[in-house]
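Asks: Now for the letters of each chain:
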Amino acid sequence: DGGITQSPKYLFRKEGQNVTLSCEQNLNHDAMYWYRQDPGQGLRLIYYSQIVNDFQKGDIAEGYSVSREKKESFPLTVTSAQKNPTAFYLCASSPRTGGGFSQPQHFGDGTRLSIL
Amino acid sequence: QQQVKQSPQSLIVQKGGIPIINCAYENTAFDYFPWYQQFPGKGPALLIAIRPDVSEKKEGRFTISFNKSAKQFSLHIMDSQPGDSATYFCAASKGGGGSNYKLTFGKGTLLTVNP
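These protein sequence lines map, in sequence, to chains A and B.
To convert a position in the first sequence, counted from 1, into the numbering used here, add 210.
To convert a position in the second sequence, counted from 1, into the numbering used here, add 496.
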């Protein structure tokens with residue numbers, strides 16, 4: 211089955227520690243995205259990548275970093291600079307945009323990050 | 497600046513009722529309006545989407561109504577069932593290349609369908 215796999219499902223971070231969230235997709239999608247979801251809030255975009263070896267900051271990139279070395283993988287690192295990391299993190303992917311039109315994004319089942 | 501405003505925050509209906517969730521947007525360059533359904537502990541799942549060249553789209557029990565002049569769109573769920581109880585998000589994005597195609601989400605509506 212094609213889909214997006216996020217791991218781990220739950221993650222705990224100690225003070226001053228960097229943690230990395232994994233996102234793998236086998237949908238052959240070019241674009242990948244990371245969102246943060248807080249209770250009662252919509253999804254806010256952290257970083258996105260339209261193609262391998264390229265990525266752009268979203269609306270709330272401070273305290274986060276990403277890499278896109280392979281088409282199927284887009285890991286997110288939550289650094290110690292992110293002072294409020296407790297949230298539900300969602301990874302998504304979409305096909306390459308065609309004809310200048312947006313394409314649907316498909317989501318994984320998320321990683322819940324908490325501070326110890 | 498919230499570019500997509502969603503209402504209501506929560507909604508309770510009886511089984512068989514027709515809940516309606518509304519969204520309003522500001523950016524006239526938006527060209528894609530999806531709705532997502534999210535169950536607790538899961539990622540959002542794409543439910544239905546519309547582009548601004550049509551005023552209505554129906555898929556099964558779910559219908560999107562789109563009013564371009566008012567910059568509003570809404571989700572209607574016909575014959576709602578307890579299994580439809582979830583959080584629903586509207587979103588919008590614009591095409592055109594470059595840094596576009598980012599989805600801007602509303603804050604969500606928690607729908608409860610009572611048996």
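Wrong hints could be hidden among the right ones.
[Claimed, not checked] Only pairs whose alpha carbons sit at most 16 Å apart, straight line, appear in this in silico EDC-like list of lysine to aspartate or glutamate:
no., chain 1, residue 1, chain 2, residue 2
1, B, 564, B, 575
2, B, 564, B, 522
3, B, 598, A, 319
4, B, 603, A, 240
5, B, 538, A, 269
6, B, 501, A, 240
7, B, 538, A, 248
[To be verified] Reference listing, derived: stretches of chain A covered by chain B, where coverage requires no fewer than 3 residues with Cβ under 8 Å from a Cβ of chain B:
no., region
8, 251-262
9, 283-289
If you are wondering where the hints come from, they were derived from the structure by calculation, not from laboratory data.
All C-beta atoms, glycine included, are put in the ideal place defined by N, C-alpha and C.
Asks: Of all the hints numbered above, which does this structure not satisfy? Sort the numbers upward.
Replies: 1, 3, 4, 5, 6, 9
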